[in-house]
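Visitor: Listed here are the chains, written in short residue letters.
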Amino acid sequence: MSPPSPAPEPPRWISCPECEAPCRDRELPPGGALRCRRCGVLVRKQSETQSLQPAWALTSAGLLLIVLANVTPILTFDVAGNTQSNLIVTGIFGLFRQGYWPVALLVAFAGIVGPALHLGSMWYVLAACCLRQSWPGLRQADHLAERMESWNLVPVYAVATVVAVVKLDMLGTVSWQVGALWVVILSLCSLFAMQLFDRDLVNKRLEALA
Amino acid sequence: MTSDARRLQTARALVVTGLILYVPANVLPVMTMTVVGDVEPLTVLGGVQELYDSGLWPIAAIVFLASIVVPFVKLACLSWLLMLQGSTVLQRRRGALLRVVHQVGSWSMVDVFLLSILVAVGQLGAMASVRAEPGALFFAAVLVSTLFASESYKPRLIWQTGDPSSA
Chain A
3 MSPPSPAPEP PRWISCPECE APCRDRELPP GGALRCRRCG VLVRKQSETQ SLQPAWALTS
63 AGLLLIVLAN VTPILTFDVA GNTQSNLIVT GIFGLFRQGY WPVALLVAFA GIVGPALHLG
123 SMWYVLAACC LRQSWPGLRQ ADHLAERMES WNLVPVYAVA TVVAVVKLDM LGTVSWQVGA
183 LWVVILSLCS LFAMQLFDRD LVNKRLEALA
Chain B
48 MTSDARRLQT ARALVVTGLI LYVPANVLPV MTMTVVGDVE PLTVLGGVQE LYDSGLWPIA
108 AIVFLASIVV PFVKLACLSW LLMLQGSTVL QRRRGALLRV VHQVGSWSMV DVFLLSILVA
168 VGQLGAMASV RAEPGALFFA AVLVSTLFAS ESYKPRLIWQ TGDPSSA
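Same order as they appear, the protein sequences are chains A and B. Numbering follows the working numbering, with no gaps: position 76 of the first sequence is 78. Numbering follows the working numbering, with no gaps: position 35 of the second sequence is 82.
Be aware that one or more of the hints could be misleading.
[Claimed, not checked] From the derived model, a few chain A residues whose C-beta atoms are all more than 12 Å from chain B:
id	residue
1	A23
2	A35
3	T51
4	Q52
5	Q55
6	Q86
7	V91
8	W103
9	P104
10	G113
11	W137
12	R141
13	I187
[Said to hold, decoys possible] Label-pair ranges, simulated between beta-carbon atoms:
id	chain 1	residue 1	chain 2	residue 2	range
14	B	T208	A	L183	45 to 55 Å
15	A	A212	B	L92	51 to 61 Å
16	B	V74	A	S49	46 to 56 Å
17	A	S17	B	V74	21 to 31 Å
18	A	D202	B	L92	37 to 47 Å
19	B	T49	A	L44	42 to 52 Å
20	A	V115	B	Q56	26 to 36 Å
Quick caveat, the hints were computed from the structure, so don't treat them as lab data. From the three backbone atoms N, C-alpha and C, an ideal C-beta is built for every residue, glycine too.
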């Protein structure tokens, strides 16, 4: 008598992150994706590399670049012999001094604090996943990284710098400084890191660590 | 009241706030640029005009899109989506629209960042100075209210039909 064929695995159901419709989970080939039938959103994606290392590397670079971008001037401005070099914080202080502190706080949060929190928490989660360390507060850090994603506005800041140089060119002599380069590289780093951040793999690793 | 009903109420209140503040944000000057005694108060649109006049139309186009078109389109889309809340028409499209609105919305921060970089030169003596003006406060307030509105109106609410307060 032939051995009984193994019973088919019961279907696993996961809820769509967007519309909460139940979706039937299945084994995915590398690079395959599971989409919600109701709203069409990507529910789960099997990455081709199955590795979080690239994202971790980019996030580490991003953290270093945040420091560099904030301590080196982004541009110098010269009018009638008066020269001034501007950091990101110079503008924030300028707004404070003129009494526009709500705007100053908004710039400080979206330009410095938000990106630092986003990259910092992402780094913590990725480091724990890559080194397989069950560090405290991983869930909270992961949650924070998700919340801060829309507050990482460094790419927008990079565009604003270009416009500012054009505007200041009408007033006096303006020249780029190395800080602007750090801002541009930082925005590329965080964009690619977000792209490479494999949500599904992170969830799996975090569950295994907990 | 359920937390979903509260989310909806918050989103509605913030969109109305944003629509009201959009008017002073665009009518009042956001900054004054003084060049060799020539005092120029600039509204958001005035800043775009100035860039366009200097022949840099691609940059003028970016600023125009980011600081005038995007906030308005975002407010209009959110109002439309909130009005259709609970109905079953075009649910898939509405979900997609909400995601796009959420992604694109933060680009209007260009103008606020720009202001902060320009204001940094505000203390360079009498020859050239840049000062922030009250319009900047309203502009920032529009941004913050639309940001939080799209944050609290989650796409999953589109898929909840019927009255959420009775649920």
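Visitor: Look at each hint and say if it fits the structure.
Guide: Verification of the supplied hints:
Once the 12 Å rule is applied to beta carbons, A23(A) is inconsistent with being away from chain B; the minimum gap is 7 Å. Listed as a non-interface residue, A35(A) keeps its Cβ farther than 12 Å from every Cβ of chain B; the least gap is roughly 16 Å. With 12 Å as the threshold on Cβ separation, the claim that T51(A) sits away from chain B holds: the shortest Cβ distance comes to roughly 25 Å. Interface exclusion of Q52(A) from chain B stands, the closest Cβ pair being 27 Å apart, more than 12 Å.
Annotated as non-interface, Q55(A) keeps its C-beta farther than 12 Å from every C-beta of chain B; the closest such distance is 27 Å. With a cut of 12 Å on Cβ distances, Q86(A) falls inside the contact zone with chain B, its closest approach being about 6 Å. Annotated as non-interface, V91(A) brings its C-beta within 12 Å of a C-beta of chain B; the closest such distance is 9 Å. The Cβ of W103(A) does not lie farther than 12 Å from every Cβ of chain B; its closest approach is about 10 Å, which violates its non-interface assignment.
In this structure P104(A) is not separated from chain B by more than 12 Å, as the shortest Cβ-Cβ distance comes to only about 6 Å. A cut-off of 12 Å between C-beta atoms contradicts the statement that G113(A) is not in contact with chain B; the least separation is 6 Å. Once the 12 Å rule is applied to beta carbons, W137(A) is consistent with being away from chain B; the minimum gap is 28 Å. Every C-beta of chain B lies more than 12 Å from that of R141(A), the closest at about 20 Å, which supports listing it as non-interface.
Against the 12 Å criterion, I187(A) stays outside the reach of chain B, whose nearest CB is about 17 Å from its own CB. Range check, T208(B) to L183(A): about 51 Å between beta-carbon atoms, so the 45 to 55 Å window is met. At roughly 53 Å, the beta carbons of A212(A) and L92(B) sit within the given window of 51 to 61 Å. Between V74(B) and S49(A) the CB atoms are about 49 Å apart, so this pair conforms to the stated range of 46 to 56 Å.
Taking the beta carbon of each, S17(A) and V74(B) are about 46 Å apart, not inside 21 to 31 Å as hinted. In this structure the supplied range 37 to 47 Å holds for D202(A) paired with L92(B), their Cβ-Cβ distance being about 45 Å. The supplied range of 42 to 52 Å is broken by T49(B) and L44(A), whose beta-carbon atoms lie about 28 Å from each other. Checked against the hint of 26 to 36 Å, the pair V115(A) and Q56(B) passes, with Cβ atoms roughly 28 Å apart.
Violated hints, listed in ascending order, are 1, 6, 7, 8, 9, 10, 17, 19; each of the other numbered hints is respected by the structure.
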